[in-house]
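With these hints in hand, go ahead and build the complete structure from the sequences.
As you go down the protein sequences, you meet chains C and F in turn. Its first residue numbered 1, the first sequence is counted upward by one per residue in the numbering used here. Its first residue numbered 1, the second sequence is counted upward by one per residue in the numbering used here.
Treat the hints as calculated values from the structure; they're not laboratory data. These numbers come from a predicted model, not from an experiment. Note that beta-carbon positions come from the ideal geometry of N, C-alpha and C, so glycine has one too. Be careful, since some hints might not be right.
Subject to a maximum C-alpha distance of 25 Å in a straight line, what follows is the list of computed SDA-like cross-link-like pairs (lysine to any residue) [what the hints assert, rightly or not]: (1) C/K254 with C/Q296; (2) F/K254 with F/Q296; (3) F/K117 with F/A409; (4) F/K58 with F/V196; (5) C/K236 with F/T89; (6) F/K236 with C/A300; (7) C/K236 with F/E298; (8) C/K236 with F/E27; (9) F/K254 with C/G313; (10) F/K254 with F/D291; (11) C/K236 with F/E200; (12) F/K236 with C/K236; (13) C/K236 with F/G88; (14) C/K236 with F/A300; (15) C/K168 with C/T51; (16) F/K236 with C/G201; (17) F/K236 with C/S199; (18) F/K254 with F/V196; (19) C/K254 with F/E307; (20) C/K254 with F/R311.
These stretches of chain F come out as covered by chain C in the derived footprint (C-beta under 8 Å, 3 or more residues) [what the hints assert, rightly or not]: (21) 96-103; (22) 211-222; (23) 245-251; (24) 263-273.
Protein chains: 2
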Amino acid sequence: MSSNLRIDGVRLASRLTALSRIGATPEGGCRRLALSDEDRQGRDWLVAELTALGLTVKIDAIGNIVGILKGREDGPAVIMGSHIDTVGTGGRFDGALGVVAGVEVLATLRDAGLTPKRDMAVIAFTNEEGARFHPDMLGSYVWAGGMSVAAAHAELDAEGAVLGAELKRIGYEGPEQPGFLPAHAYLELHIEQGPVLESEGGGLGAVTGIQAICWLELTLTGRPSHAGTTPMVYRKDPGLAGARLNIFAHELTKTIPGQLANCGVIRVQPANVNVVPETVVMTLDLRNPSDEALAQAEAAVRAYCAELSARDGIEIAIRDLARFPATPFTEALISAVEGSAAELGLPIRRMISGAGHDAQMMSRLCPTAMVFIPSIGGLSHNPAEFSTDEDIASGANVLLNAAWRVANA
Amino acid sequence: MSSNLRIDGVRLASRLTALSRIGATPEGGCRRLALSDEDRQGRDWLVAELTALGLTVKIDAIGNIVGILKGREDGPAVIMGSHIDTVGTGGRFDGALGVVAGVEVLATLRDAGLTPKRDMAVIAFTNEEGARFHPDMLGSYVWAGGMSVAAAHAELDAEGAVLGAELKRIGYEGPEQPGFLPAHAYLELHIEQGPVLESEGGGLGAVTGIQAICWLELTLTGRPSHAGTTPMVYRKDPGLAGARLNIFAHELTKTIPGQLANCGVIRVQPANVNVVPETVVMTLDLRNPSDEALAQAEAAVRAYCAELSARDGIEIAIRDLARFPATPFTEALISAVEGSAAELGLPIRRMISGAGHDAQMMSRLCPTAMVFIPSIGGLSHNPAEFSTDEDIASGANVLLNAAWRVANA
Chain C
1 MSSNLRIDGV RLASRLTALS RIGATPEGGC RRLALSDEDR QGRDWLVAEL TALGLTVKID
61 AIGNIVGILK GREDGPAVIM GSHIDTVGTG GRFDGALGVV AGVEVLATLR DAGLTPKRDM
121 AVIAFTNEEG ARFHPDMLGS YVWAGGMSVA AAHAELDAEG AVLGAELKRI GYEGPEQPGF
181 LPAHAYLELH IEQGPVLESE GGGLGAVTGI QAICWLELTL TGRPSHAGTT PMVYRKDPGL
241 AGARLNIFAH ELTKTIPGQL ANCGVIRVQP ANVNVVPETV VMTLDLRNPS DEALAQAEAA
301 VRAYCAELSA RDGIEIAIRD LARFPATPFT EALISAVEGS AAELGLPIRR MISGAGHDAQ
361 MMSRLCPTAM VFIPSIGGLS HNPAEFSTDE DIASGANVLL NAAWRVANA
Chain F
1 MSSNLRIDGV RLASRLTALS RIGATPEGGC RRLALSDEDR QGRDWLVAEL TALGLTVKID
61 AIGNIVGILK GREDGPAVIM GSHIDTVGTG GRFDGALGVV AGVEVLATLR DAGLTPKRDM
121 AVIAFTNEEG ARFHPDMLGS YVWAGGMSVA AAHAELDAEG AVLGAELKRI GYEGPEQPGF
181 LPAHAYLELH IEQGPVLESE GGGLGAVTGI QAICWLELTL TGRPSHAGTT PMVYRKDPGL
241 AGARLNIFAH ELTKTIPGQL ANCGVIRVQP ANVNVVPETV VMTLDLRNPS DEALAQAEAA
301 VRAYCAELSA RDGIEIAIRD LARFPATPFT EALISAVEGS AAELGLPIRR MISGAGHDAQ
361 MMSRLCPTAM VFIPSIGGLS HNPAEFSTDE DIASGANVLL NAAWRVANA
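As structure tokens, then:
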């Protein structure tokens, strides 16, 4: 029966367009920073959509918005979700797609007069991006019990605004306890935010998990000197050491399977043409689907820093900026996603998620999986972020099919 | 007769101390930016010293201060000099030493009742550092006819103050034409500003010339992407290309004799931990005593940039920031400096100057040489810049001996 069920692609696209008008930027992107006025307008729009569908709408104490379709039996719900906040220079699809597709799934079931065995729900989680308040994935983190409501409320943005006060100001400090709706499973549709699916010829992604992350900040201190009067042998150049480290980290990606490395920040002091630098602050973003492999990469970086220090006389201080273990998703649910795609005749491939998602937090509570659709040009966090209507409809149909399966199993 | 002549080391040190109190900083350094109130106070002090010695004091249209000891015969003068302006975080010796030592030489001759055959003079040149107005070595550049007075007067500082107006404001726009005093020879005593003399066991330097300079600004453009979702093979990372270029430039210093290289500025955009950089702006400071060798180094850098562009898909735009050919000093005058040191029993070694000096400009007009004294720790442009009283006295005695020789030859 579920195999004949399809979402309405036109209606889904028009819902996405409606949401994208809120906080629209001249470049064609979206700016709906968490708990801003634009976020409030987006939330108001979402609550109105959920209400119009006759769903039960609840708001929790951290502002997560929950729309519930009651099932025939009591018990934990099959939850779909994502977020509607964006980064400052965001696109129209990151997060919004997963929420709007969840709404469309429930609308499709409503239209078909279908009642699932289990409750089904869609959640828009607060502050996933971390662009305004730390940490990212805050709403789902609190929902999963990783952080207290009080601690989350106390978070400050860069201007010193308090999260709890902002939540109250926009009218989204709800009465429910985060996590109030027990979860049977969690499914999230999201754009890939990378180039893999498109460059492999399109098709969907059955996400097997989220890779482990290690962010390091390295402060390299040498000895500033005059670039004209100081012979090379007398120099202690942290910029040169940083260059070696950057290359070393990239070489690791060739020898450790699955390893990614990025040196995104390089700040040189004093930054004069004719002065050998005194300090360089640089960051390393290391990721790997395997915790063990990531630990191996990090150990290699630390050993190389020790070698640089000893050999070149550069002091290197290393600070942890972030560290998350790998989050493998649930095999049964990944298979359900694959099975749904097969039933719908849609090509799908297993892949790891390079970025963090609310699914990462929800996997603490229940079986979890994700569906990716291609990002054109691999672009994300960019006004030019784009996915085709066809891929959007395909992804939403897989979400519908898989959620319906799990809700009735 | 000249071999018995010695400067008064205590008096020289106390003159240096007096000048260093003007614009003294809490860290023990000096801040006398060109044409600032502190520079005016330093100039007033200098003019008073020269006047007290009974010298003829003249100021030219660019503010160069000239103190002249008349010789027995008419004709071009033996000129000593340097500058009394400093960088923002300057020390007590850079520039000041050469001016104060010139004063001390003339004072010593006065005390001894000696009149040279040729005129002898000391000049404090305006704005040598280039810390406030461009270009550096401006006063000597104008003196040597490289730049017109009108063009120099029109230069602006970072706040938009006009050089000519500032010169007038502090009362140092003089009536003389720059270059009014024909030059028979130019001798400049200066701190080394590098570590060579000290690490070779001390002693003086007979400077053979100023090395050639090439400053390049390189803008590397890649493609920004997500450091978690973009496989390594899809990245175009200008930070990595910049790291390779930094290392390449340093490797050149091992294969091209006399070659120096520094990458002092590295600016990465957008500078986020999890974003592969889009652009890197970096500078290369390349120096070599040989114009040919420097050209070889620059050509190698440009060829490597082309290789990086072709191989890694990084666009590299190269802009010239500065370019000066090598300035060889005059053999006869270098020998005179060496001979003076030998006569005084002072160890001296030939060496190249890594930095630019007023002598570079004066060498356009007349035979030129310089004397270096050790900089402790190689420090300069730093409040901790230091040279010992003993080395200062030795350097000034060589200056006295050499200037006296040349003035009577």
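Now the hints, each set against the structure:
About 13 Å separates the Cα atoms of C/K254 and C/Q296, which keeps this hinted pair within 25 Å; it holds. Taken as a hint, the F/K254 and F/Q296 pair is honoured in the structure, with Cα atoms around 13 Å apart against an allowance of 25 Å. Of the pairs offered as hints, the one joining F/K117 and F/A409 holds, with about 8 Å between alpha carbons and a cut-off of 25 Å not exceeded. Taken as a hint, the F/K58 and F/V196 pair is broken in the structure, with Cα atoms around 37 Å apart against an allowance of 25 Å.
Under the criterion of a C-alpha separation no larger than 25 Å, the hint pairing C/K236 with F/T89 is consistent with the structure, at around 21 Å. Of the supplied pair hints, the one linking F/K236 and C/A300 holds, its CA atoms being roughly 24 Å apart against a limit of 25 Å. For the given pair, C/K236 sits about 23 Å from F/E298 by alpha-carbon distance, which is consistent with the 25 Å threshold. Pair hint C/K236 plus F/E27 holds up; C-alpha atoms about 24 Å apart against a cutoff of 25 Å.
Restraint check for F/K254 and C/G313: the C-alpha separation of about 19 Å stays at or below 25 Å, so the hint holds. Between F/K254 and F/D291 the CA atoms are separated by roughly 17 Å; this keeps the pair inside 25 Å, and the hint holds. Of the pairs offered as hints, the one joining C/K236 and F/E200 holds, with about 19 Å between alpha carbons and a cut-off of 25 Å not exceeded. Among the hinted pairs, F/K236 with C/K236 is inconsistent with the structure: their alpha-carbon atoms are about 29 Å apart, more than 25 Å.
With a C-alpha separation of about 24 Å, the suggested pairing of C/K236 with F/G88 holds against the 25 Å cut-off. With a C-alpha separation of about 24 Å, the suggested pair C/K236 and F/A300 falls inside the 25 Å cut-off, and the hint holds. Of the supplied pair hints, the one linking C/K168 and C/T51 holds, its CA atoms being roughly 21 Å apart against a limit of 25 Å. Among the hinted pairs, F/K236 with C/G201 is consistent with the structure: their alpha-carbon atoms are about 21 Å apart, no more than 25 Å.
For a cut-off of 25 Å, the pair hint linking F/K236 to C/S199 stands: about 16 Å separates their Cα positions. Distance restraint check for F/K254 and F/V196: the Cα-Cα separation of roughly 18 Å lies within the 25 Å cut-off, and the hinted pair is therefore satisfied. The hinted pair formed by C/K254 and F/E307 meets the criterion: a straight-line CA distance of about 21 Å does not exceed 25 Å. With a C-alpha separation of about 17 Å, the suggested pairing of C/K254 with F/R311 holds against the 25 Å cut-off.
For the segment 96-103 of chain F, the assignment as covered by chain C is violated, since 0 residues bring a beta-carbon within under 8 Å of that chain's beta-carbons and 3 are needed. Under a criterion of three residues with beta carbons nearer than 8 Å to beta carbons of chain C, the stated coverage of the segment 211-222 of chain F is upheld, 3 such residues being counted. Counting residues of the segment 245-251 of chain F whose beta-carbon sits less than 8 Å from any beta-carbon of chain C gives 3, enough to reach three: the coverage restraint holds. With 9 residues bearing a CB less than 8 Å from a CB of chain C, the segment 263-273 of chain F meets the requirement of three and the coverage assertion stands.
In this structure, the earlier hints numbered 4, 12 and 21 are contradicted, and the remaining ones agree with it.
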